[in-house]
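The listed protein sequences correspond, in order, to chains Y and V.
If you're matching positions, the first sequence starts at 1 in my numbering and goes up one per residue.
If you're matching positions, the second sequence starts at 1 in my numbering and goes up one per residue.
Rather than coming from a laboratory, the hints here were simulated on the basis of the structure.
Mixed in with the good hints, there may be bad ones.
One-sided excerpt, in silico: chain Y residues whose CB lies under 8 Å from chain V [as the list claims (entries may be wrong)]: (1) I17; (2) E19; (3) T39; (4) D40; (5) V65; (6) T68; (7) K107; (8) Y119.
For each residue, glycine too, the CB sits at the ideal point set by N, CA and C.
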Amino acid sequence: MTPEELIFAETHEWAHIAEQDGGKIATIGISANAVEALTDLVYMDLPAAGTAVTAGNSFGEVESVKATSELYSPMNGEIVEVNTSLPDNLEILNSDPYGEGWIIKVKVSGDTPENLMDYAAYQKQCDEAH
Amino acid sequence: MDSDKQLLKTPLHQWHIDHQGRMVEFAGWSMPVQYTSIIEEHQQTRNSIGMFDVSHMGRLYFSGTNVAEFLDGLTTRRVAGVECGKIRYSLMTNDSGGILDDVLVYHLPDLNGEPFHMMVVNASNRAKIVDWLNERKSGTDIQIDDRTETSAMIAVQGPLANEAVKKLSDVDPDSLPYYTGTTTRICGKEAILSRTGYTGEDGCEIMIPNEDAQLIWDEVFSLAAAAQGGAAGLAARDTLRLEAGMPLYGHELNEATNPAQTDLKFAIQMKGREFVGRTSIAEARKDSDLWIRTGLELEGRRAAREDCKVFHGEQAVGVVTSGSYTPTLQKSISMAYIHPDHRELGTALSVDIRGKLHKATVVKVPFYQRPV
Chain Y
1 MTPEELIFAE
11 THEWAHIAEQ
21 DGGKIATIGI
31 SANAVEALTD
41 LVYMDLPAAG
51 TAVTAGNSFG
61 EVESVKATSE
71 LYSPMNGEIV
81 EVNTSLPDNL
91 EILNSDPYGE
101 GWIIKVKVSG
111 DTPENLMDYA
121 AYQKQCDEAH
Chain V
1 MDSDKQLLKT
11 PLHQWHIDHQ
21 GRMVEFAGWS
31 MPVQYTSIIE
41 EHQQTRNSIG
51 MFDVSHMGRL
61 YFSGTNVAEF
71 LDGLTTRRVA
81 GVECGKIRYS
91 LMTNDSGGIL
101 DDVLVYHLPD
111 LNGEPFHMMV
121 VNASNRAKIV
131 DWLNERKSGT
141 DIQIDDRTET
151 SAMIAVQGPL
161 ANEAVKKLSD
171 VDPDSLPYYT
181 GTTTRICGKE
191 AILSRTGYTG
201 EDGCEIMIPN
211 EDAQLIWDEV
221 FSLAAAAQGG
231 AAGLAARDTL
241 RLEAGMPLYG
251 HELNEATNPA
261 QTDLKFAIQM
271 KGREFVGRTS
281 IAEARKDSDL
291 WIRTGLELEG
301 RRAAREDCKV
311 FHGEQAVGVV
321 TSGSYTPTLQ
331 KSISMAYIHP
341 DHRELGTALS
351 VDIRGKLHKA
361 TVVKVPFYQR
371 PV
């Protein structure tokens with residue numbers, strides 16, 4: 001996927017929304033900007049499939065040599081799939097953050113939260129932070 | 001960032017920015033936390049040369065009568081009667097034995113061979129230590145010259161560090177025994193050269209006036225770069241010192257900690273000496289419940305961070321003061337203060353990391369020792 005196809009949270013997670021069986025499935029990951037800022041990722045703690053997630057709340061954490069950061073869900077719903085191979089292959093987040101580096105898939109409930117941004121708006125946020 | 005304007009800057013500040021240094025506030029200074037990757041900077045220090053701008057460290061120069069005796073009354077380790085050329089790591093304690101700072105006391109010759117005393121203190125404690133020394137020196141003729149903001153300090157660390165500096169220095173760093181120093185010329189400029197560091201590697205540290213800092217940094221940097229070395233930031237300095245088992249003030253050491261707890265026996269000399277805090281250290285040594293600084297190795301890659309609680313079964317027996325997944329050992333290690341009944345090597349403990357218990361084992365400190 002290209003970042004232009006995704007929507008972004010202020011907290012640097014991305015989501016890709018696809019229709020499936022009359023419902024919506026959101027694939028969720030973290031942005032290339034986030035991966036670059038964290039550097040030296042060593043550990044990721046992920047929930048199990050079946051866990052409920054709430055927009056804006058933590059669903060896991062990622063740890064670099066220096067610090068621990070929360071992963072926040074951009075969507076409401078229930079986790080249907082977890083990229084369980086990712087914690088042992090964190091370098092994928094550097095090489096393919098918007099594809100193979102996906103973290104969880106969520107069966108979405110309710111509407112897409114309004115505070116999510118398109119890629120251009122997200123990039124603007126990142127540029128202004130510098 | 002408006003707050004940036006009030007921060008102190010080292011003479012190498014612009015160089016750090018020009019070399020992708022991520023600048024952060026540290027003890028009132030704008031300092032590079034990393035340039036590229038912490039792991040890369042850490043490993044190049046272990047394998048080749050890492051260069052650290054440590055100009056934020058406080059540098060205090062003393063003059064007057066009986067300086068060594070004055071400092072000896074304020075340090076846990078004997079610094080009076082120490083031969084010229086030697087450097088002593090010591091703690092400074094208050095009346096109740098709380099650690100005010102950990103410092104290096106230098107007794108070095110100047111370019112003419114005249115001995116002088118200086119001290120390097122932590123950036124975060126500089127104002128406190130200057131005040132403390134000023135209060136104690138009343139009635140003496142001792143003068144304290146704080147040259148922190150007019151001078152620079154560069155740590156050149158790693159197995160190839162001394163070889164590089166040798167090419168620029170009138171004195172070969174390898175000719176100085178460990179923890180000694182002298183005044184010499186580096187790139188033709190007067191400099192203090194010492195065989196010291198905070199990484200667990202061999203190497204040296206250079207102190208020069210601000211105006212000579214960029215020249216010397218550039219010269220050492222080209223030699224370092226040619227040897228696959230380079231600049232390293234505060235983050236790598238932290239993982240390096242952690243592997244080397246060296247305490248960091250504000251984490252392992254603070255005013256609530258007594259030297260008797262630190263497992264730094266070489267830095268505490270009680271016999272035949274009087275110094276501020278001595279009585280409290282003697283008292284603390286008799287307390288068999290005082291938690292002692294201890295090394296832990298955790299299972300898995302997850303790091304314990306400061307304030308994580310340590311358990312033996314259900315019983316809380318300690319607290320983590322520093323922890324990281326570290327690049328050379330490729331293990332999650334921690335320093336913690338642990339009850340003396342539960343710190344024997346090999347003891348199985350657990351650490352609460354954000355609500356989950358992780359298995360940990362008591363291991364020896366230092367975690368890493370450089371190959372000889």
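Restraint check, 8 Å cut-off on beta carbons, for D40 of chain Y near chain V: It holds, given that the least Cβ distance between D40 of chain Y and chain V is near 5 Å, below 8 Å.
Could you check if Y119 of chain Y really has its C-beta closer than 8 Å to a C-beta on chain V? Violated - the Cβ of Y119 of chain Y stays beyond 8 Å from chain V, reaching only about 24 Å at its closest.
For the hint on E19 of chain Y, does the least C-beta distance to chain V fall short of 8 Å? Since the shortest Cβ distance to chain V is 36 Å, the answer is violated.
Using 8 Å as the Cβ threshold, decide whether K107 of chain Y counts as touching chain V. violated, 26 Å
Can the hint on V65 of chain Y be confirmed by a CB-to-CB distance to chain V that is less than 8 Å? holds, 5 Å
Holds or violated: I17 of chain Y as interface residue toward chain V, Cβ cutoff 8 Å? Violated. Min distance 30 Å.
Mind checking the CB of T39 of chain Y against every CB in chain V and telling me if the closest is under 8 Å? holds, 5 Å
Answer holds if the nearest beta-carbon of chain V is closer than 8 Å to that of T68 of chain Y; otherwise answer violated. holds, 7 Å
In this structure, the earlier hints numbered 1, 2, 7 and 8 are contradicted, and the remaining ones agree with it.
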